[in-house]
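J.: In order, the protein sequence lines correspond to chains G and R. Be aware that the first sequence starts at 36, since it is given in my numbering, and climbs by one per residue. Be aware that the second sequence starts at 64, since it is given in my numbering, and climbs by one per residue.
Heads up, none of these hints are tricks.
Mimicking EDC-like on lysine to aspartate or glutamate, the simulated pairs with C-alpha atoms at most 20 Å apart in a straight line are: (1) K185/R / D87/G; (2) K194/G / E163/G; (3) K155/G / E267/G; (4) K308/G / E186/R; (5) K69/G / D193/G; (6) K308/G / D187/R; (7) K185/R / E306/G.
What the hints contain is simulated information worked out from the structure, not anything from laboratory work. Owing to the predicted nature of the structure, the values given are computational and were not obtained by experimental measurement.
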Amino acid sequence: MTLFKKLLTLLLIVLPLASIAMDDPWVILEDSAKASHELNYEGVFHSQSSADTNSTHVIHANINNKEYCLLKMLDGAPNEVFCAGDMVYVTSQDGLLIKKRKNQFLFPSVLPSDINNLKKNYQLSFGEKKRIADRMAQLVMLTAKDNFRFNYHIWIDDKNFLPLKLVVTDNKNKTIEQSTFTTIAFNKEFKKDIFEKNINLSTIYANKNKFVENYVSNKFWNLKDLPSGFREVDLISRRVGGLNLLDYQLIFSDGLAYVSLFIRPISMGTEPKEGTVTIGATNISARYQDGYQIMSVGVVPTETVNTFSGAIEF
Amino acid sequence: MNEKISSLFDSEINNKEVDTLLSKKNKMSGVRSSLSEYQMISDALKKKTVLPKNNLTDKIMSVIDKEPTQMGGIVKANSSNTAVVSFEIWPVLGSLAVLVVIASTAFNIEVNSASTSQFLAKEDIPQEIINAHHAATANNMNYFIQVSDPAK
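The following block holds chain R by itself, in its conformation from the complex (with noise of 0.2 Å):
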């Protein structure tokens, strides 16, 4: 069934079956969750904002909120300062990790498409620069002779 919604979102199932999907969304609450959560990793990948900040911290308070609650779990050793760590908090941490995972994932997602745009056009240089350069420089007198007078 997972396969099935991964490939509506990549657009690689046909009419019929996204009409099967979609009724059997309303029947199961199973399908609708993973539909939910396929929606919000495409909507990541097509880097809309789909985690807006506050929202993604209050899911995860409310994560939190939902587990048990182990007071005094990390206990000091009497004999050193070794800290020993419950096994009751490894579901809290469990669910903390995931959730960072995601959340890094998404941030990932940005800072990778803000490093593409780090390739300009030939256009983005003003001719004139280049012009200044090779009038100054150049050691073939090509470009100093052709070059437009920069301080022009």
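One chain only, chain G, in its complex shape (with noise of 0.2 Å):
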């Protein structure tokens, strides 16, 4: 066999594969959110859900392979996040650390690196493109496959692949929240001090921590029959007015939906509850088992949270 001939072969081979890789509609969403934390980028969004709404000036930089950004609330009061690596912190106006909590999925940095769970759980399908703050954007319409989660819809910028808007609706199409940019410029050079401010993070915090973050060696629960693709991503965990109690928060995500389940001690004279509530697009399960008050927060239908609340064994 020639070398030409081999050379052939192998473009038979290889081209039908590359061309399947081309058309897995999937990958745009990989590529998204690798854009959310690669690219350099300055903008203003808008966020709306339930009654509130609010504008946010953003700045977003990977430097050295370290992510960092800051968002200032334009409405209301004047305080910042801060984002470094994987840690996300708030600021006072005076630069006074108020808090921190672990990962970044805020807006537009909503997609998980891993999307084989949302392939599991969501129904992938392409709208129309239009225009959002200027630049084209295609839609990615995420459609759940069951009663558990809503649905997502995300426009995606045509050339770099960032998120420009995000809306989720419910099951009767019904708008539960959206942020979407106002404004966007990208390429910027920022440098390193913008983001890093002259506070000591660890000493601050320190002092107003309560949490405790050791390592919860004994989960004394079991958990049976959670919604599909729901897995425990964080547990925290916090002293009961200073008694020898903790109180729990595992935190469950499919990948884009999010759900809190609190056990909590209860003290005497407590009356336990019992049902669901909605508060505005947060629904909320409660149940009482063997002294322990549980309850299941989430932005997710109320069946999720029933089962959620449903699921704790002791």
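Assembling the complex is the task here: the two chains are given apart, and the hints tell you how they should meet.
T.: In structure tokens, the structure reads:
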């Protein structure tokens, strides 16, 4: 076999595989998740949830493979959110650290880097392209395959894949919450010192921190029959009012939707709560079991929070 | 007459008709008995405890006692295990069925009333719970910034 024939054979094998990879519609979400962590951009986005609306100025940069962001509220209290690596901090106007949290899934970084879990629980389809913040964007719809989650509509920048708009709708197509850029500019150079304020994060936070961040070795509960696709992504424990008791917040996610499951020891004289209630876009399900008040909370359907609160066994 | 008694418990008749009905109650035992039954139904619907467990059991037992007892009413057929039920037991079974329906209706009312309390008020949920959830999970930074620190 001549060299030409060998190359031709190789091409015939590789080309169909390459076209399959290019045709995979889910690749756009992987590209989008990557873009939201790697791109440098500055802009203003508008958010709406329940009756609240607000605008936020955002600067995002990736410097030496470390992600930084600075978000400033343009309405209400002029607090700032500062992201560095895996942590997110809120600082007040005078630079005082108020709180911090793990993970970064603040808009526009809403997509998980591993989209395999999304494939199992959402149906992907493409909508029309439209102009958002003076840029063309492709609509990608993630429709829930069951009644345990809402639907996500994401408009992704046609050129660099950054999510420019997010709309969450329920099963009746009613909007639950949305965020959209009104202006955005890319490829700006940012210096590290605009993100790293002159505050000693560890010292200030240590003084105000009442979380127990130690590893919880004694998980005295079991979880059964959780809704499909939800996995535990975090566990926070807090000391109860100076007593030698802890309450727990378990956080579950399917990659887009989040549910907190609270396990709190109930104090003497406190009436246990049982039932469900909707507050704004948030559903809450409460149950009492064996001296513990169990509450599940999330911007998810009622069925989901009910399933979570019923999933605990002691 | 039963319609009037029903209206009495629904507060749908005037004072004059109430007087007439009560005077008939004193004269006619049938009316007295109907009034008693409607009173029980009315109380059950208003979720009053009208059928204490022991009292109900006693009533069932007393009705059963009054029924003629058919000894050997159920006999085994010679060639098979099929049970043959004597016709004389039907009144007993009928009475039992009626009582079971009445009792289950009373208990169902209680079950349903418990399920309606499954709807909580907004005030039943500590705000710190909602704040703690949004502070840890919201992709809308407004939630994250504005909620008070759950650890405070």
